[in-house]
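Engineer: Chains as they are written, first to last, in this note's numbering: chain A, -11 to 407; chain B, 6 to 178; chain C, 19 to 278.
These aren't lab readings, by the way, just hints derived from the structure by calculation.
Do not rely on the hints blindly, as some may be mistaken.
With a Cα cut of at most 25 Å, we get these calculated PhoX-like pairs of lysine-lysine [unchecked claim]:
no. : chain 1 : residue 1 : chain 2 : residue 2
1   : B       : Lys45     : C       : Lys134
2   : B       : Lys45     : C       : Lys106
3   : B       : Lys45     : C       : Lys50
4   : B       : Lys45     : C       : Lys165
5   : B       : Lys110    : B       : Lys45
6   : B       : Lys73     : C       : Lys165
7   : C       : Lys268    : A       : Lys18
8   : C       : Lys165    : C       : Lys195
9   : B       : Lys45     : C       : Lys247
10  : B       : Lys45     : B       : Lys107
11  : C       : Lys206    : C       : Lys181
12  : B       : Lys176    : B       : Lys45
13  : C       : Lys106    : B       : Lys166
14  : C       : Lys134    : C       : Lys75
15  : B       : Lys94     : B       : Lys135
16  : B       : Lys45     : B       : Lys94
17  : A       : Lys219    : C       : Lys50
18  : C       : Lys126    : B       : Lys176
19  : B       : Lys135    : B       : Lys110
20  : C       : Lys126    : C       : Lys75
21  : A       : Lys18     : A       : Lys219
22  : C       : Lys134    : C       : Lys50
23  : B       : Lys176    : C       : Lys106
24  : B       : Lys94     : B       : Lys176
25  : C       : Lys269    : A       : Lys219
26  : A       : Lys18     : C       : Lys75
27  : C       : Lys268    : B       : Lys45
28  : B       : Lys176    : C       : Lys247
Please read these numbers as outputs of a predicted model, since none were measured by experiment.
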Amino acid sequence: MSDHEYQPTSKAGKWFNDRLPLLSLVSHLKDYPTPKNLNYWWTFGGILTFCLLTQIITGIVLAMHYVAHADLAFGSVEHIMRDVNYGWLIRYIHSNGASMFFLAVYIHIFRSLFYGSYKSPREIIWIIGILIYLLMMAAAFMGYVLPWGQMSFWGATVITNLFSAIPLVGESITTWLWGAYSVDNPTLNRFFSLHYLIPFLILGLVVLHIWALHVPGNNNPVGIDIQKPSKDTVPFHPYITIKDIFALLVFMIIFAGFVFFAPNVLGHSDNYIPANPMVTPAHIVPEWYLLPFYAILRSVPDKLGGVILMFSAIFILFILPWLDTSKVRSAVFRPIYRQFFWILVLDILVLGYVGAMPAEGIYLVLARVGTIYYFLHFLVILPVVGYLEKTDPLPINISDAVMSGSSNLSIAKKDEKKV
Amino acid sequence: MAKNKKTTRRDFLYTATYTIGAVGLGATIWPFIDQMNPDKSVQALATTEVDVSTVEPGNSITVLWRGKPVFLKRRTQEEINEARAVNLKELKDPQKDEERVKEGKDEWLVMLGVCTHLGCVPLSNKGDYKGGWFCPCHGSHYDVSGRIRKGPAPVNMEIPKYEFVDNNTIKIG
Amino acid sequence: MKKKFKLLIYFSLLSLFYFTKLLSAEAVDPIKIDWSFKGYTGKFDRASLQRGFQVYKEVCSSCHSMQYLSYRNLGEPGGPEFTESEVKAIAASVEVTDGPDSQGEMFKRPGRPSDKFVNPYPNVQAAAAANGGAYPPDMSVLVKARKGGANYIYSVLMGYEDKPAGVILDDGVYYNKYMVGQKIKMPKVLSDGLVDYSDGTVATEDQMAKDVTTFLSWAAEPELEARHKLGVKVLIYLILLSILVYLSMKKLWSRIDSEI
Chain A
-11 MSDHEYQPTS
-1 KAGKWFNDRL
9 PLLSLVSHLK
19 DYPTPKNLNY
29 WWTFGGILTF
39 CLLTQIITGI
49 VLAMHYVAHA
59 DLAFGSVEHI
69 MRDVNYGWLI
79 RYIHSNGASM
89 FFLAVYIHIF
99 RSLFYGSYKS
109 PREIIWIIGI
119 LIYLLMMAAA
129 FMGYVLPWGQ
139 MSFWGATVIT
149 NLFSAIPLVG
159 ESITTWLWGA
169 YSVDNPTLNR
179 FFSLHYLIPF
189 LILGLVVLHI
199 WALHVPGNNN
209 PVGIDIQKPS
219 KDTVPFHPYI
229 TIKDIFALLV
239 FMIIFAGFVF
249 FAPNVLGHSD
259 NYIPANPMVT
269 PAHIVPEWYL
279 LPFYAILRSV
289 PDKLGGVILM
299 FSAIFILFIL
309 PWLDTSKVRS
319 AVFRPIYRQF
329 FWILVLDILV
339 LGYVGAMPAE
349 GIYLVLARVG
359 TIYYFLHFLV
369 ILPVVGYLEK
379 TDPLPINISD
389 AVMSGSSNLS
399 IAKKDEKKV
Chain B
6 MAKNKKTTRR
16 DFLYTATYTI
26 GAVGLGATIW
36 PFIDQMNPDK
46 SVQALATTEV
56 DVSTVEPGNS
66 ITVLWRGKPV
76 FLKRRTQEEI
86 NEARAVNLKE
96 LKDPQKDEER
106 VKEGKDEWLV
116 MLGVCTHLGC
126 VPLSNKGDYK
136 GGWFCPCHGS
146 HYDVSGRIRK
156 GPAPVNMEIP
166 KYEFVDNNTI
176 KIG
Chain C
19 MKKKFKLLIY
29 FSLLSLFYFT
39 KLLSAEAVDP
49 IKIDWSFKGY
59 TGKFDRASLQ
69 RGFQVYKEVC
79 SSCHSMQYLS
89 YRNLGEPGGP
99 EFTESEVKAI
109 AASVEVTDGP
119 DSQGEMFKRP
129 GRPSDKFVNP
139 YPNVQAAAAA
149 NGGAYPPDMS
159 VLVKARKGGA
169 NYIYSVLMGY
179 EDKPAGVILD
189 DGVYYNKYMV
199 GQKIKMPKVL
209 SDGLVDYSDG
219 TVATEDQMAK
229 DVTTFLSWAA
239 EPELEARHKL
249 GVKVLIYLIL
259 LSILVYLSMK
269 KLWSRIDSEI
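From just these sequences and the hints, can you work out the full model?
Structural biologist: Next comes the structure, spelled out in C-alpha cells:
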C-alpha cells in the first residue's frame, strides 16, 4: 500500500501523533487510493456501516425503556410505542433497520460474488465478512425474541430446538440454552444480554474487515490489479465519500418509506399477540432474511440432516475462495460463470419464497431442487467452470477500461440494472 | 482551488449542501435526546391526592409524589407562632412563614422533603430547631417552617404546587 | 442470451406472485374499505373515533380488555381528541381498584385520566371461563395483530351469516365468513340502533362496525398521524438533500476523467 509518511503541520498535532498516530490513521483513510471505476454496488460498505451504527444507537436507546422479563416485555414495548417521546420512531427504525441491514448485506455479498472480490488476495476480508453475517443472524434472531410476541416465542422455540438434533448431548444443550425446560423468562433474559453484546462484536469485526481491505486495496468492476495508482485511483475523500453519501441518501429514502408508511409490512402480525406457550401460531415463519436457510432446513426429511445441511449452507461460504478455481475475478469477463451467478440468485430467491410457504406438495419439491442446486453451485459448478471456461480478454489497466468502454463493460452495465 | 475567487456557483452548491445536511443531522439528534425526558405516562401521574383527616396537630405524614417524599406537617399554634417570631435578618434565605403556607390554612406545611444541598431526606424533629428537620448527610438544620438555618444547604426546602380540594384532602401537583 | 436470463428472472418472479395469490385463495379476502387513515397523509376521522369509542365502551368493553390504553390517551392529539373535561368525566365514570391504603386494604375510587383502561375480568382465566373457554383477546393492538388489519376486523364484524348446509357448529360457536376457519366463538353483537350516538349519526350496523374499527385502528397505532406527518417531511428533506449531494458529486467528479 502507498502509505506515505504523514506529518501534522501543527506542533501540538505532531506531539500527539508521535505518541498515538491517530492523525496518520485519519490521513490514511482520507487519502486511501480507491479505484476510480467503482460502481454503485460498491457503496454498500458505507451503507452497512451506517446500518450498524443506526442499530447500535437506536438499540441503546430502546434498552433504556425495555424490560427483559417474560411478564413485562410485551407491555414495555407498547410503553415505548405509546408513551416514550419519539419511542415509536426509534423502535420502528430499529425493527425495520434490521431488514434494511440484511437487504444491504445481501447486495454486498452478491456484489462480491459477481466481481470475485473474495479471491486472492482478499480471502481474509471475505471470511471476516461471513463471520459478520453469521453474527448478524444471531443478533437478528435474538432481537426478534425480545418483544415476546407469539412469533418471538415460537421462533425461539423452533430455532433453539435445532440443537436438540445433536446426538447424545442435544437435549442437554437446549436445556442449557433455555435455562429452563422450555423457552421461558431465563431465555429471554440471556437473549437480551447477548443481543446487546453481539453488535459490538460485529463492530470489532468490521474494523478488522476494513483493515484487511486496506492491505490489498479495493477490488473493482473489471477485477484487475491497479497498475498506476496515480491514473487508476482517486483519494477516498472527497470522491468516494460523496458518492457513498449520495447512495446512502437514496437508501435512506427507501428506509424512511418503510419506517413512516409501512412499518409493520416486513414483520409478522402474530408478533403483536403476546407470547402464549399453550398455542402455536398456525404458520411459523422466520423473518424474510432467514427464509432461504429455513427452506433448506425443511427440505430434508430428517431432523439432524436438515440441521447439518442448513449450517453447511452457511459454512460452505467460508471455503468459497478455494472452490472457485478461475484466475479471473470479475464476472464481466466470465461469460459462463455470469449465467450461473444469475441462476444462483434465482435459486436463492426461490428458496426464500418456498421458505415462507407451507412445507408440503410443490413447495417441498421446489425446496429440494433449490437446495440441491445451491450445493451444486458451490461444490461442482464453481470448480469445474473455473477450469473449462474460456474467459474474455481483460483490459490492460483500469483507465483503459474506463476510457475505451469495451463491449464487455457495456454488457456488465446492463447486467447490473437487472437486480 | 477556489479559495481566492469570489463566491462561485460551485461554492454556493457545496455550502448549500453542507448547510442542509447539517440541519438534518441536528434535527435527527433531537428524538434521541428527547426520549430521555419524562414520558407521557410519567407526566400524567404528576398529581397525588392525600387524605389528611387522620393527622393530629403536631404530627406529620410523608407521601410520595413524583418519586420524592412530601412532608405534610400539621403544626400546633405554638409552632406557628415560633416560626413567625423569627427575625428575617437571621435567615440565610429570608422568607416569611406566611409565604410558605396557604392563607387560612396556616397549620399545614406542605413541603418537598428533600434537602436543598444534595438531595437527601431530612429527619423530622431533629436538629437545633424545635419541630424542625435535620439532614444527616451533611448536617443542614431546618426550622419548623422548613427554612434553612445552619449548614451547607443554600435555600429553604421547596414548597410544591398544591391545593386543598376540601378540608381533609390535599392535592399535590 | 442476457435477454433470456432477464426474462427468466422476471417470469419466475411473476409466477411466484401468482402462486401466492392461489395459496391465499383458501381464506376469504376481507372487504376493502377506503379508510381515511390509509395513504401517505392519512388521518383519522375525529367524529368516527369518538363514536367508535362509544361503541367500544357500550358494547365491546364488557368482554374485551384494552390494557395498554389509558383514559388520558382519549384526549391526546391524533386520537379521538375529547376535551380535558370529557376525558375526566369518562375516567371518573369507571371504578378503579387502588391501594393498598395505609391499612393495607385495596379500595375502589373513581378513575383518573392517568389510569389504564379497566379490564372487564380480573385475569385471562376468568375471561375465558366467562366466555365458553374462548378468551376475548385484548384489543389494544388487535388491528396490528391480525393479517388484513382494519379491513379484517370490519369484515369479521359484518361477516355473520346463516351457516351453509353441511357445516356443523358446536354450541356457542357461530358461522362467520371472514373469520379464519369460518368459526367464531363471539356471537354477532352489532345490530341496527344498538347504541344511541350522541352526535345524532344513525347507528346502522355498518356505521358502528366502521366507527369501532376506526377506533381500534387508532388504539393500535396512536402514533399514526404524527408518523405520517413527520414521514412526509423526512421524505421531502431526503429527496432535496439527495439532489444537492448528487449535483455536488457531479461537480466534484467532473475533475476526474471517469464517469460515475
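Engineer: Hints first: check each against the structure and report whether it holds.
Structural biologist: Each hint, compared with the structure:
no.: 1; hint: B/Lys45 x C/Lys134; result: holds (13 Å)
no.: 2; hint: B/Lys45 x C/Lys106; result: holds (17 Å)
no.: 3; hint: B/Lys45 x C/Lys50; result: violated (35 Å)
no.: 4; hint: B/Lys45 x C/Lys165; result: violated (30 Å)
no.: 5; hint: B/Lys110 x B/Lys45; result: violated (33 Å)
no.: 6; hint: B/Lys73 x C/Lys165; result: violated (45 Å)
no.: 7; hint: C/Lys268 x A/Lys18; result: holds (19 Å)
no.: 8; hint: C/Lys165 x C/Lys195; result: holds (15 Å)
no.: 9; hint: B/Lys45 x C/Lys247; result: holds (20 Å)
no.: 10; hint: B/Lys45 x B/Lys107; result: violated (30 Å)
no.: 11; hint: C/Lys206 x C/Lys181; result: holds (13 Å)
no.: 12; hint: B/Lys176 x B/Lys45; result: holds (20 Å)
no.: 13; hint: C/Lys106 x B/Lys166; result: holds (20 Å)
no.: 14; hint: C/Lys134 x C/Lys75; result: holds (14 Å)
no.: 15; hint: B/Lys94 x B/Lys135; result: holds (19 Å)
no.: 16; hint: B/Lys45 x B/Lys94; result: violated (44 Å)
no.: 17; hint: A/Lys219 x C/Lys50; result: violated (60 Å)
no.: 18; hint: C/Lys126 x B/Lys176; result: holds (18 Å)
no.: 19; hint: B/Lys135 x B/Lys110; result: holds (21 Å)
no.: 20; hint: C/Lys126 x C/Lys75; result: holds (20 Å)
no.: 21; hint: A/Lys18 x A/Lys219; result: holds (18 Å)
no.: 22; hint: C/Lys134 x C/Lys50; result: violated (32 Å)
no.: 23; hint: B/Lys176 x C/Lys106; result: holds (16 Å)
no.: 24; hint: B/Lys94 x B/Lys176; result: violated (33 Å)
no.: 25; hint: C/Lys269 x A/Lys219; result: holds (19 Å)
no.: 26; hint: A/Lys18 x C/Lys75; result: violated (63 Å)
no.: 27; hint: C/Lys268 x B/Lys45; result: violated (47 Å)
no.: 28; hint: B/Lys176 x C/Lys247; result: violated (38 Å)
Hint violations for this structure: numbers 3, 4, 5, 6, 10, 16, 17, 22, 24, 26, 27 and 28, all remaining hints satisfied.
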